[in-house]
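Student: As a plain string of letters, each chain reads:
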Amino acid sequence: MQAFEYAHPRSMTEALPLLGSRWGETEILAGGTDLLSLMKNYVVTPKRVVNIKGLRELRGIRGTPEGIYIGALVTLEELRTSQPMHEYPALAQAAAGVTSPQIRNMGTVGGDLCQRPRCWYFRSGFGLLARDESGRSLVPQGENRYHAILGNDGPAYFVNPSSLAPALIALGAKARLDGQNGERYVALAEFFVIPKSDAERENVLQPNEILTHVIIPEGAWELSSATYEVRQKEALDWPLATAAVALKMQAGKVASARIVLGHVAPIPWPAPEAEKSLAGQPINEATAARAGEAAVQGAKPLSGNRYKVQLARVAVKRALLAAARPRSIGAKGGV
Amino acid sequence: MKKHLIGRPVPRKEGRAKVTGQARYVDDLVFPGMLYGATVRSRVPRGRIKGISFGEGIPWHEFTIVTAKDIPGENYVALIAHDQPYLADGAVNHSEEPVVLLAHPEKYLLEEARRAVQLEIEALRPTFTIEDSLNKKEIIWGEDNLFKSYSVEKGNVDEVWARADFIVEGEYRTGAQEQLYIETNGMIAVAIPEKGVTVWGSMQCPYYVHKALMALFGLPADKVRVIQSETGGGFGGKEEYPSMIAGHAALLAWKSGKPVKIIYDRAEDMAATTKRHPSRTRHRTAVSKDGKLLGMEIDFVIDGGAYTTLSPVVLSRGTIHAPGPYFCPNVRIRSRAVATNAPPHGAFRGFGAPQSIFALERHLNRVARAIGLTPEEFRRRNFIQPGQTTATGQVIRENVNMNHLLERALVLSDYHAKTARFARENSGQRRKKGMGFASFMHGAGFTGSGEQYLASVVELEATPQGRVRVLAASTEIGQGTNTIFSQIAADALGLDYDSIEILKPDTASVPNSGPTVASRTCMVVGKLVEAAALGLQQTLVGSGYLPEGYTPAGFERACKRYIESHGPLKSSSQYQPPPGIHWDDATYYGDAYGTYAWAVYVAEVTVDTVTFEIEVNDFVAVQEVGKVIHPVLAAGQIEGGVAQAIGYALYENVVWNEGRMFNSQMTNYIMPTAVDVPPIRVFFEELPYSYGPAGAKGLGELPMDGAAPAIVNAIENATGVSIHHIPVMPESLMEALAVTEKAVERA
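Read top to bottom, the protein sequences are chains X and V. Residue 1 is where the first sequence starts when you use the numbering used here, and the numbers rise one by one after that. Residue 336 is where the second sequence starts when you use the numbering used here, and the numbers rise one by one after that.
What the hints contain is simulated information worked out from the structure, not anything from laboratory work. Bear in mind the structure is a predicted one, so any value in this text is a computation, not a measurement. Be aware that a few hints might be false.
[As the list claims (entries may be wrong)] Residues from chain V that face chain X, not an exhaustive set, calculated with beta carbons under 8 Å: (1) Tyr-443; (2) Ile-465; (3) Asp-467; (4) Tyr-986; (5) Asn-1003; (6) Glu-1066; (7) Met-1069.
All C-beta atoms in this analysis are idealised placements derived from N, C-alpha and C, irrespective of residue type, glycine included.
This is chain V alone, in the form it adopts within the complex (with noise of 0.2 Å):
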């Protein structure tokens, strides 16, 4: 029996279908007698609709029309609450609210009808600013605008200001960012009243859609079935809201009677659907003069657009992250996901991380300068060890070094001798260069008590021929789930990578593995995988077919002859926690996260000071992530996610107007090139996790979290000036720059 797999790069298990043109995405998919699916949304940001009228010129009678009166079962998209209506149903509260949708056999009729579609909208005070949520100007939402709240207490913040030696504070904000997946939202569906409802679609989390459904159309389980298509990308954008789109789909198809497919355009799509989290967070730290942190406040704010949707779990995950991988022993945290007028901000990759770790790590530079520490210098005297507790009083109990990672990370990009260098070098330069970095770490799984409810299911059978299926509802959005776990079940029962077979996540034949999300696929639905081929090779080791030391064709005999004298020869795996695992909800205390993946990120940048141009020429990634399945999918990742995390910080700016966006189109939503990219140099240390499949741990995200606050304390390191919001545009530094009018370009 060999283990050959974990650890190498294997082909992509789709990746022949994929560059053969052979995957079929969901818009490849057409049905015989198939309509299409428009959606009518408000222009107004809040309002109650008093009207809906057709225009003339359209030949209504041709459409299928679904308002909110159409719905069979509960107006609402189930997921966390029960606010969010399918079809706006009497208010508004967010520009692109749907209100009523249109299908059609004629694309472009269609597009002319859903324009002359008139929303009669009398129109409210809207809310726009986290500011003005929090001082309900306007009472948009519940009582008091507030989606959630966190409280986080550790020691006695309280009695730690009066003894530091300095006290440092600060403000730090970012802002949305769409999450541009190459292929757009999309959905067909089949509804038939006496059958049930099926839709095929983009999305990472097919149960869902499932859930979703059934409460929508008040059905049984069994009547709702859910198939995934290929996906050409989520990063948490094909988390939630396909449960909307797949939902509007199969209203107007139980409706007219026939398919309908949905499909939406780049502009739709990144007006419409959720984007990242706007975030405002203010810090106050007690520090002692030889540079240990007393005490850390920290005031945690995102908004989270006008219905719940993810936002209490994405409050949840940027919580527990905004103490940063230190050790403080003092330390209050209080966060609130606010209401604002916006379409509902979700899922994306980091996941209210990136937000709250930019900025503290563009805090702890702001403390390590007004205590005389460097940056690196600060952040070894305070790195979280072994056996310490974070905020919520989890354990360290893995054998985390962030020193060793920060001295490689530093070593790796020549830190020491080039910030020294272009201290000495920038001096009369108007192009000045500069170094940053940023310490961090991202938890692996749900937050909390997270995967004890999801408790994840992964099946595997086993046929005559000896191959094995990997059944689970874990999705292929590009990531590499198909390939890690054929690697995983291959190795386990020391069989060839093409003799495990993917099943197509569709709900009437997989078991919920949970959502494809918080970085769990690899670990926790890996070690699923693992363990579900385990009890496979158990069950024909305890049946007396299997030798021990048995070839991949004693394999295939031991299958063959267990079917034929016992039936189907399946195994299951069902999550279980860790041993010493604790987390209380009521208290926000315990064990956050099984495990964390631990990096240190180091950016290289050129400032242009005249013309504002800002240039990332190198970055060093390196990062502990337990047994690295795929180096070539793992360090794809993270070149990935550094890519994104650029343009989060440097050019993704989502500009609101009246509570739409008004830069939906990618001519002017700008994201980074290849051109805009440094070569992005990976490193992986490797300490296995023992609950983690081969000791892997989770990674998708963690890269999304460190890039921008190295960047902007890169550019600090340049230029001198202290940038506290992302993404830096060139009027944000010129601002910075305090450059007047009449300032002459030097050199």
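Okay, chain X solo, but in the shape it has when bound (with noise of 0.2 Å):
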């Protein structure tokens, strides 16, 4: 690791003018759990770390008249344990999904949503992108079990490594970034962006803001919600492929359908055409079966992670007949 200089805020209006105007500059710990990793490898030498875990005001999760505050240094395993969340199956299983109780003891929601890609190549030195000196990317024809098979026409075709964000778009939530001039909201659908060269970044935070909040928006409570992880294995890994919803029913119909694809994309991925083949239709086996095919309708296979399209199609039937079945705690919706 780098020698670097460390900051210990007490508050925002003291860590904001930490942070710097470039991306690599500065890097914000929280739980730590991704960034010392990217440090030791040295994926990322910051000159600066700027710990927040000291800002009160990014703690706690609470309910306003707009909705539920997430604060960003809540640990995955306060928001999969708050009783809040037993209205939002699919962030609680997202969170739960994180397999390792240490993990889930010192990650955070804005960790989770800040992560870097675990691309091998970005993670070994070849930069984001992971191009050769012609600038081609290594990986369609590299070791690319773990990457993309969809929205990966290049140039990245790392997967979001983020397990809270499927389940966070599908409920419609949105995330509150703090900087200097003040705070913005970018809906959480907007915050993720394919990078087009290694100087990006996969979000749209500049490098002088910080995650502050995750807002789940009013009457979300109502959806139907699950998330639903592929895993080669139980514990400390990444899923393969993940599928969030969440549904508004009516009279055992679906009203209105959000899927969102993890692990799959550089981006946490929508699946419109599965949300759309599920209008009207009750939730059984064969609608289902039918939005997973439709969710992998445009999946573009690497050569070697042909098997994910698979287990992204039955990732998006398995999660929506978990949402469908009644919620055992505080059910409100469902059929």
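Two independent chains are provided; combine them into the complex using the hints.
Tutor: Structure (structure tokens):
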């Protein structure tokens, strides 16, 4: 790890001026579960690390008339076990999908959304887009078993690693980003972007901004939601494919649906065709399978990840069937 | 005089120090004025070194810099062949090959400096696969890319094909595997030209390091001292590579005049140090219609990486275990260890046997199916019996009863009822359940004449207080050496557990009891501990100080009186082969091992045929290991070995990118955790072995051999698809299941 200056601000007013205006100069430390390994492997080499754990305003989950405010420092474990989350099974299940208790206890909501891709090339120092000298990506014919099957027209082939983003997007959540000139709100669906160069990032956050809160809009508790992850192994690993769904049900039929896939594209990947296929339908084996089919319609597997198409399709189907099951705790909506 | 410790779960000898944090691992040791050392490695798999340049912005004058030119003695790691340099000189033969060493007091600056050294290497065409090496696409080692080949002949294989009712062929492959000991490799060296070299570190084999350092520095034995620090796991991964790290630390210490510590981080440890040899095995088997093996032709090849290291002996064990615990009158085994431009592969629990046993136990299921027998019935008809001979002509003299082990394992796992039920219930289910088993054995101790060459020695010394010290180079690496040696010595002498002390392995004070490898510590070295203890007792009895039926207090009085009148009270014991053991290195014929541990393992799995998820739900491990010295440690060895083998079968996929390990992090090299491991139910059969301490055999490696084929056999039982390589990844399972993208999930 390269030596760095360490800052421990006590308030947002102290914290924001400590951030640099260019990527790479400063890094924000919360749980550290991703940042420390990035630094140890020299993938990032910040001159200054700003620890935001002292910012009390970023803690806690509270209800407001606009919706539920989740502080960026809320840990995944707090999220998983908090009472309000019983109303949002997709989110609680996504937090539980981080199957290491150590990571859940240290890792934060903000960190989960801002963590860097797990792409082996990126982590081995080939850069975010893993290009060779001629500018061609090494991924499409390389070690791509865990790479994107959707949204992979280039130049990025990594998958978004966030566990929570698909569920939050399905629930219509937005992010609050604070900078020295004040705050702005961005729908989480617009937060993630596909970078076009190695100098860009995977989201719209500016280097001198902090993601401070995630807001689940009022009324989202009415939705029937679920997250389903397909994984090779039970613990200490990222899923191979995830689907989060949030359904508005009326008289046993789908009035509206949000379906978002995770770990299959450089950004959490919405599936509008699948959503459309469910309009006015009940959720059953057949409609869920059809939606799964529609979700992967545009999939273009790389040389070594054809199996992920199947996993994504199954994840959608199983998430839909799970969402349609009556909830055991705090059941609202459902069929 | 009482004997009461063997067979009981006494507390670990060093357990208190470990759980209270008092045990000192190498990275806990800090010497005044100590520097940190780092290794600059080639990123090119094969090439010629054209230049080394030192980048800007680093105060290079503060650094100790060592290249091949600074080596005072021989630039090779003395082991079997002398082909592996300590530092590449002119040519590089694998990525991660060490080229330059750096030392500096400041760890962080050191890492920046390491990254600022540029190696200019003219790339040559590398060889990465067993096939390319065998086809001699490039000659990268010696004249033919072959480190070693063996051929074993029994009977006449050529004449069986014509009269065989069935001939079954198959090819099987296994991947590399990382040992993943908890403590990464590390060493500290103090080296002063007039005084010699001393190293402290994490290791399995102090005398291997000792021999290597003597050659590297051109020093006599008494000027080189190797001391084992507390060691957090080895699994073979600390058998040969510590010689490399010790040499590097010592070279930096020699040049700087200061103590130098080198500790590998996990990524460096995974990428640069040895892993299990990848393998390819081809079987051609002749069988009669009544299900008897008539002939076996086995072609076994392992990828040794760039240098010889231990490949000849890994190959040897893999070769001898290739025909398994079966009797076959005609056997031909051809085996080869080939060179590639990967970092050298090396010792790992099982040592060649997990590879060849995986192939055999998968193949025999294929053979059974071809002739219409169940896997268990086919094996029953072919298990080796007492009096029969192995492929190397070894007559089985012990009362081996594989049939009994098989029946016990099948009953304990409820195999018959479950296979019948799963066959009924699987139809139409996307989650399919299956049962599979493997039958196998593992030879304890060095192969062939190895133990005679080692001629290991153990010494015991008694103090005037009646305490007894065990002096041996056998290392405690977490497996329980200290505990079982104490049990063996205490019971032989009729003393309490606490009156035995185990001296820390230090080449300046302990004799060479051989390396801590090959499932030999309990059986071979433990027997020497027992013999030396009995020798000590005889000396005291002979002196007239120790009465018959003595008490611990009587022993103490006898020691005191003996030492007062005769001086130090010591006893040593040297290895003698059991009577009637013969081995011919030239023909590869004879008694390959003094004895074997025998086992049958059964796995129950669930396979999701839609998401390709595989779970191991239950595991039964039945084995005959002679007398069990410590039931908890022994069961722990079996459980740990099975867990490691579950990783080998299902998760641990070393991905190579231009000859470098691409996933050298624990976030992308996936190993099983507690939730991925089923209950492992361990059952021992105890048939005392006459030449082991209290009848014990070796068991440390055994559990690594059979779990992977049992699991893959269970996957076949569940799904009907036959998989011939491990690890079984979701994508390979998908291929095997031939799922098309149009497949629709059922049920």
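Student: Among the hints numbered above, which are violated by the structure, and what are their numbers in rising order?
Tutor: 2 and 3
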